[in-house]
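Based on the provided sequences and hints, a complete structural model is requested.
Residue numbers (the numbering used here), protein chains in the order written: chain A, 1 to 163; chain B, 1 to 384.
Mixed in with the good hints there might be a few duds.
[Claimed, not checked] Computed cross-link-like contacts, EDC-like style, restricted to lysine to aspartate or glutamate with a CA-CA straight-line distance of at most 20 angstroms:
hint, chain 1, residue 1, chain 2, residue 2
1, B, K14, A, E6
2, A, K160, B, D357
3, B, K18, A, E11
4, A, K160, B, E300
5, B, K381, B, D357
[What the hints assert, rightly or not] Among the chain B residues that face chain A by a calculated CB cut under 7 angstroms, a handful are:
hint, residue
6, A20
7, D21
8, A25
9, G103
10, I129
11, F131
12, Q132
13, G141
14, A144
15, P145
16, R148
17, R152
18, D198
19, A241
No lab work stands behind these hints: they were computed from the structure.
No experiment lies behind these values; they were computed from the predicted model shown.
Positions of the beta carbon are idealized from the N, C-alpha and C atoms, including for glycine.
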Amino acid sequence: MPERGEGTIVERPLRLDYDYTAGLAQSRFLKGIAQKKILGERCPKCGKVYVGSRGSCPTDGVATDGGEVDLPHKGTLTTFCVVNVPFAGQSVECPYASGYILLDGADIPLMGLIQEIPHDQVRMGLRVEAVWEDEVGPTLQSIKYWKPTGEPDADYETYKMHL
Amino acid sequence: MAERVAITGVGQTKYDTKRADVSIAGLCREAAVRALEDASVTWNDIDAVVIGKAPDMFEGVVMPELYLADAMGATGKPMMRVHTAGSVGGSTALVAAGLVKAGIHKRVLTMAFEKQSESDAMWALAMRIPFQPALVAGAGGYFAPHIRAYIRRSNAPDHIGILVAVKDRQNALKNPYAHLHLEDISYEKVAESMMIWDPLRYLESCPSSDGACAMVVAAEDSVSGDRAPAWFAGTAMRSEATQFAGRDQVNPQAGKDCAKEVYRQAGISDPRREIDAAEIYVPFSWYEPMWMENLFFAPEGEGWKMTDSGATAIDGDMPINPSGGVLSSNPIGASGMIRYAEAAMQIRGQAGEHQIDGVRTAMGHAYGGGAQFYSMCILTKDKP
Numbered sequence: 001m002p003e004r005g006e007g008t009i010v011e012r013p014l015r016l017d018y019d020y021t022a023g024l025a026q027s028r029f030l031k032g033i034a035q036k037k038i039l040g041e042r043c044p045k046c047g048k049v050y051v052g053s054r055g056s057c058p059t060d061g062v063a064t065d066g067g068e069v070d071l072p073h074k075g076t077l078t079t080f081c082v083v084n085v086p087f088a089g090q091s092v093e094c095p096y097a098s099g100y101i102l103l104d105g106a107d108i109p110l111m112g113l114i115q116e117i118p119h120d121q122v123r124m125g126l127r128v129e130a131v132w133e134d135e136v137g138p139t140l141q142s143i144k145y146w147k148p149t150g151e152p153d154a155d156y157e158t159y160k161m162h163l
Numbered sequence: 001m002a003e004r005v006a007i008t009g010v011g012q013t014k015y016d017t018k019r020a021d022v023s024i025a026g027l028c029r030e031a032a033v034r035a036l037e038d039a040s041v042t043w044n045d046i047d048a049v050v051i052g053k054a055p056d057m058f059e060g061v062v063m064p065e066l067y068l069a070d071a072m073g074a075t076g077k078p079m080m081r082v083h084t085a086g087s088v089g090g091s092t093a094l095v096a097a098g099l100v101k102a103g104i105h106k107r108v109l110t111m112a113f114e115k116q117s118e119s120d121a122m123w124a125l126a127m128r129i130p131f132q133p134a135l136v137a138g139a140g141g142y143f144a145p146h147i148r149a150y151i152r153r154s155n156a157p158d159h160i161g162i163l164v165a166v167k168d169r170q171n172a173l174k175n176p177y178a179h180l181h182l183e184d185i186s187y188e189k190v191a192e193s194m195m196i197w198d199p200l201r202y203l204e205s206c207p208s209s210d211g212a213c214a215m216v217v218a219a220e221d222s223v224s225g226d227r228a229p230a231w232f233a234g235t236a237m238r239s240e241a242t243q244f245a246g247r248d249q250v251n252p253q254a255g256k257d258c259a260k261e262v263y264r265q266a267g268i269s270d271p272r273r274e275i276d277a278a279e280i281y282v283p284f285s286w287y288e289p290m291w292m293e294n295l296f297f298a299p300e301g302e303g304w305k306m307t308d309s310g311a312t313a314i315d316g317d318m319p320i321n322p323s324g325g326v327l328s329s330n331p332i333g334a335s336g337m338i339r340y341a342e343a344a345m346q347i348r349g350q351a352g353e354h355q356i357d358g359v360r361t362a363m364g365h366a367y368g369g370g371a372q373f374y375s376m377c378i379l380t381k382d383k384p
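Here is the structure:
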């Protein structure tokens, strides 16, 4: 094989603009958020409550649009990660804890940022509640972060099937 | 009747942070030429080409298989691209094997690659989703909470992840193709490395690599080369949704189903006893004990005991990743195919310093996406 030299990598940023349509199910959810409501949807077949729903139950394949559930703004942190590495497009400064929040009455967790507690004290089973931005709109960014409620930690048995 | 299928040639590139000496096409060509040489065949002997890589957004080259057709000798031949995220290297090889098994082609060249130095996987995996805050920091950020859940569920001691990281990097020192050759790797080094995605440390995570892997897959009447082939005794793929109520993220059902099917085909009832060596997709240390349970090498909750006792070491009773694994080389799209190629090398006695004596049955495994894609094979020395 002939001797090869080193190539040069030239960076050429490209830009792609696109219009995003939330669709019916996500629009129902986001319109709820704009009114400080967290709306879940119950599957008419298995009865599971989906939040941040795509409008159908992934297990049963049926529409969930008739089963609106107004969920409480608190729940249990099932599991989490403390992020110490910055990445492009990051919305929070490191280190921060983010994890899965299972709202009371929901069967699937939401992803959220955990604050008002030192990140090394964040733990599985921590009870948390939503802290809303002053100005809310149709985006999950209307929930600023989740903070501890002060209640005793949830028993592992109550959320282990959601891990 | 389905054709018997064998791996008759394997080719790997040297894995590195940056292979600035080659283009993507040159990188792929390097692996392909080595696979052809190993099988003692030429481009003319190849009937079709099957290519895999991680999502196009990584390098920003859309449908790269089209521009790679010439470099892969695919001009005028059937060519196919496979997409299954991180498991793609495994799935790609299985699509190639399927085409031969079905009697459609006699000899297929299959190849997978990633050139991470020309891409930004962390960015591609941390895509901004409209109406949501960006919180998940790449693959490590995605998998870390599930690792935490595993540790809680199994009551595994904290040091297990460190043991895996040290073991795989020590194995990599025996593999000339491996990206990471950390001569001074030690328990202390890993333990003291930065906790980047708590509970995952820097040295418990895979590197970003450039590299490609290729294999020649042939029907029984088209087996070639000086070296005996590795036969496919079982092949299986399974997937599941990333999100549904009650999904077991620690021990996913699709992985268990895939393992059961590949063992059924190969006639394996006790994988730990009947498999001599396995190359398992472990991009983050803790996935070794997690997959030991998912693949039925250990009862649920006890995978970590295999790591802790040294059973998964190169001289243990169930060697896992003698090549150094994904923790030592991670050209993402190729990582799954490397598992299969390394399993084939163990069967064919061509693994050099990391060769394990007397391997007659080996396993290749890959997973991808949010742990929702699985691709597995059982390879044997004896014709199935």
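So, going through the hints one by one against the coordinates:
This hinted pair checks out: B/K14 and A/E6 have alpha carbons roughly 15 angstroms apart, not beyond 20 angstroms. This hinted pair does not check out: A/K160 and B/D357 have alpha carbons roughly 42 angstroms apart, beyond 20 angstroms. A threshold of 20 angstroms between alpha carbons decides the hint, and for B/K18 with A/E11 the separation of about 15 angstroms falls inside it, so the pair holds. For the suggested pair A/K160 and B/E300, the alpha carbons sit about 15 angstroms apart, so the restraint of at most 20 angstroms is met.
Of the supplied pair hints, the one linking B/K381 and B/D357 holds, its CA atoms being roughly 13 angstroms apart against a limit of 20 angstroms. The closest approach between the C-beta of B/A20 and any C-beta of chain A is roughly 5 angstroms, which is under the 7 angstroms cut-off, so the hint is satisfied. For B/D21, the shortest C-beta to C-beta distance to chain A is roughly 5 angstroms, which falls under 7 angstroms, so the interface hint holds. Proximity of B/A25 to chain A is violated relative to the hint, the smallest CB-CB distance being about 12 angstroms (cut-off 7 angstroms).
For B/G103, the interface hint is violated, since its Cβ never comes within 7 angstroms of a Cβ in chain A; the closest pair sits about 35 angstroms apart. Interface restraint check for B/I129: the shortest CB-CB distance to chain A comes to about 9 angstroms, outside 7 angstroms, so the restraint is violated. Restraint check, B/F131 versus chain A: the minimum CB separation of about 4 angstroms is within 7 angstroms; hint holds. Restraint check, B/Q132 versus chain A: the minimum CB separation of about 5 angstroms is within 7 angstroms; hint holds.
Given hint, B/G141 at the interface with chain A, holds; its Cβ is 6 angstroms from that chain's nearest Cβ, closer than 7 angstroms. Residue-level restraint check for B/A144 holds (minimum Cβ-Cβ distance to chain A is 4 angstroms; threshold 7 angstroms). For B/P145, the shortest C-beta to C-beta distance to chain A is roughly 4 angstroms, which falls under 7 angstroms, so the interface hint holds. About 5 angstroms separates the beta-carbon of B/R148 from the nearest beta-carbon of chain A, less than 7 angstroms, and the hint is met.
The interface hint given for B/R152 is met, as the beta carbon of that residue sits about 6 angstroms from the closest beta carbon of chain A, less than 7 angstroms. Given the 7 angstroms rule on beta carbons, the hint for B/D198 holds: about 4 angstroms separates it from the nearest Cβ of chain A. Proximity of B/A241 to chain A holds as hinted, the smallest CB-CB distance being about 5 angstroms (cut-off 7 angstroms).
The structure is inconsistent with the numbered hints 2, 8, 9 and 10, although it conforms to all the rest.
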